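J.: Chain by chain, the residues run as shown.
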Amino acid sequence: MNKSLLIQGRGLGAVRGERVLFREISITATPGDLILLRGANGSGKTTLLRQLAGLSEPQNGEIERAGLHHWIGHTNGLKAHATPESHLRHWGRVWGSEIDPTTLLKEMGLSRPAKVPSRMLSAGQKRRTALARLKLQSRPLWLLDEPFNALDTSGQALLADLITTHRATGGAVIAALHGAAAVEASSEVTL
Amino acid sequence: MSAAPLLSAFRQSLFEAWASGAGVLLPLGFFAGTAAMVPFTLGSEAELLSRVGPGILWLALALSSMVTLERVFQADLQDGALDLWLQDTGSISLVAAIKTLTHWLVSGFPLVLLTPLIGFMLGVPTTKMIPAMIGYSMGGLIFFLWGGVAAALSASVARAGLLIALIALPLYVPALIFGVQMIDAGFNSPSFMLLSASTLFALGVAPAAMGAALRLAAE
Numbered sequence: 001m002n003k004s005l006l007i008q009g010r011g012l013g014a015v016r017g018e019r020v021l022f023r024e025i026s027i028t029a030t031p032g033d034l035i036l037l038r039g040a041n042g043s044g045k046t047t048l049l050r051q052l053a054g055l056s057e058p059q060n061g062e063i064e065r066a067g068l069h070h071w072i073g074h075t076n077g078l079k080a081h082a083t084p085e086s087h088l089r090h091w092g093r094v095w096g097s098e099i100d101p102t103t104l105l106k107e108m109g110l111s112r113p114a115k116v117p118s119r120m121l122s123a124g125q126k127r128r129t130a131l132a133r134l135k136l137q138s139r140p141l142w143l144l145d146e147p148f149n150a151l152d153t154s155g156q157a158l159l160a161d162l163i164t165t166h167r168a169t170g171g172a173v174i175a176a177l178h179g180a181a182a183v184e185a186s187s188e189v190t191l
Numbered sequence: 001m002s003a004a005p006l007l008s009a010f011r012q013s014l015f016e017a018w019a020s021g022a023g024v025l026l027p028l029g030f031f032a033g034t035a036a037m038v039p040f041t042l043g044s045e046a047e048l049l050s051r052v053g054p055g056i057l058w059l060a061l062a063l064s065s066m067v068t069l070e071r072v073f074q075a076d077l078q079d080g081a082l083d084l085w086l087q088d089t090g091s092i093s094l095v096a097a098i099k100t101l102t103h104w105l106v107s108g109f110p111l112v113l114l115t116p117l118i119g120f121m122l123g124v125p126t127t128k129m130i131p132a133m134i135g136y137s138m139g140g141l142i143f144f145l146w147g148g149v150a151a152a153l154s155a156s157v158a159r160a161g162l163l164i165a166l167i168a169l170p171l172y173v174p175a176l177i178f179g180v181q182m183i184d185a186g187f188n189s190p191s192f193m194l195l196s197a198s199t200l201f202a203l204g205v206a207p208a209a210m211g212a213a214l215r216l217a218a219e
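Protein chains in written order, with my numbering: chain A, 1 to 191; chain B, 1 to 219.
I should point out that these hints are in silico values taken from the structure, not numbers from a laboratory.
Every value quoted in this text rests on a predicted model; they were computed, and no experiment measured them.
You may find that some hints are simply not true.
Below are the DMTMM-like pairs computed for lysine to aspartate or glutamate, each with C-alpha atoms no more than 20 Å apart in a straight line [to be verified]:
1. A:K115 to B:D79
2. B:K128 to B:D184
3. A:K135 to B:D83
4. B:K128 to B:E45
5. A:K135 to A:E85
6. A:K106 to A:D152
Whole structure, please, built from the sequences with the hints as guidance.
T.: This is the structure:
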């Protein structure tokens with residue numbers, strides 16, 4: 001595998017029950033890439049992303065990974081009793097991150113609800129908390145499932161910024177997206 | 001894999017138990033309630049109660065271990081935390097084991113501490129109390145571990161309580177048999193050794209089974 005490849009999937013396929021979701025999908029990410037997965041609802045964008053993340057085994061094809069990645073699914077991974085601060089502190093400990101959650105929360109515009117349990121947060125605040133994980137530890141590849149969902153205008157701009165900076169510093173992003181993209185993609189994969 | 005993820009998992013489970021309030025005390029109430037009803041059903045003859053008491057407590061322990069198991073892994077699956085654990089740690093099995101052991105610590109071990117009180121109420125002879133408590137700690141651990149496997153297997157099933165009971169109860173039987181025998185036979189008996197062996201077996205096998213089941217659930 002070429003050194004500059006962050007992830008490569010070849011001939012990927014998925015079957016749901018009796019139905020073929022997608023077949024023979026190949027996808028390659030190199031530093032600086034933003035690859036958008038496009039397709040109608042139910043076309044298998046999330047399934048493909050979960051296969052790339054190693055959360056589900058592809059029925060066909062194979063995937064090679066060069067390093068760690070961040071995963072933001074449409075469930076945010078927040079426990080009901082956790083606050084944005086305790087969430088980041090928890091995963092920071094798991095990953096051995098040295099970054100102070102307080103500054104991260106400030107950057108993500110979450111200073112005010114930092115100590116509010118997530119069951120009392122809005123969908124957008126929860127999403128911002130999940131996205132803050134991206135900055136908790138530097139990882140070359142980001143796998144994002146509909147990352148702009150639930151975000152307000154300033155939140156979308158914030159995420160677009162994050163993605164741009166990540167690409168500029170040698171990272172790559174693969175994102176499932178419906179609707180218009182707030183950032184320019186380097187390529188698109190249509191399912 | 002370093003110890004940091006496991007410590008964090010322990011801390012998170014403890015915090016969750018703490019934050020969920022009285023929920024963790026549910027098994028305790030169930031245990032005490034079941035045992036307290038025995039004199040009403042079997043009669044209050046002291047001799048009879050002291051004979052069946054330890055066995056009744058084993059039964060109450062087995063049933064109350066299942067009261068809160070349903071949520072241990074189901075919540076993780078629903079809120080997406082399971083996806084993160086699967087991504088970011090070398091071993092989901094160890095994390096699952098830690099979660100189950102924490103659950104035992106907050107919901108199972110208090111039952112052992114309550115044993116002298118309920119045992120006294122049922123007239124269990126004081127000489128049998130210590131073997132009974134040791135037996136209940138080990139048995140509780142076995143119940144929670146196999147119950148954890150059942151909970152992991154049914155993590156994606158809504159209202160999985162009954163399913164957990166159906167999967168876990170057969171796995172409880174050996175521990176029940178050896179456990180009830182060891183209370184009479186004492187520590188220097190085959191029953192105690194077999195109960196110890198069952199505990200070690202559960203500690204060794206259940207985490208791997210939980211890990212595999214959780215991987216499947218996330219798929």
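J.: Against each hint, give a clear statement of whether it holds in the structure.
T.: Hints versus structure:
1. A:K115 to B:D79: Cα-Cα ~19 Å, so holds.
2. B:K128 to B:D184: holds (7 Å)
3. A:K135 to B:D83: The hint holds at about 18 Å.
4. B:K128 to B:E45: Within the cut-off at roughly 19 Å; holds.
5. A:K135 to A:E85: holds (14 Å)
6. A:K106 to A:D152: holds (17 Å)
When the structure is compared with the earlier hints, no violation turns up for any of them.
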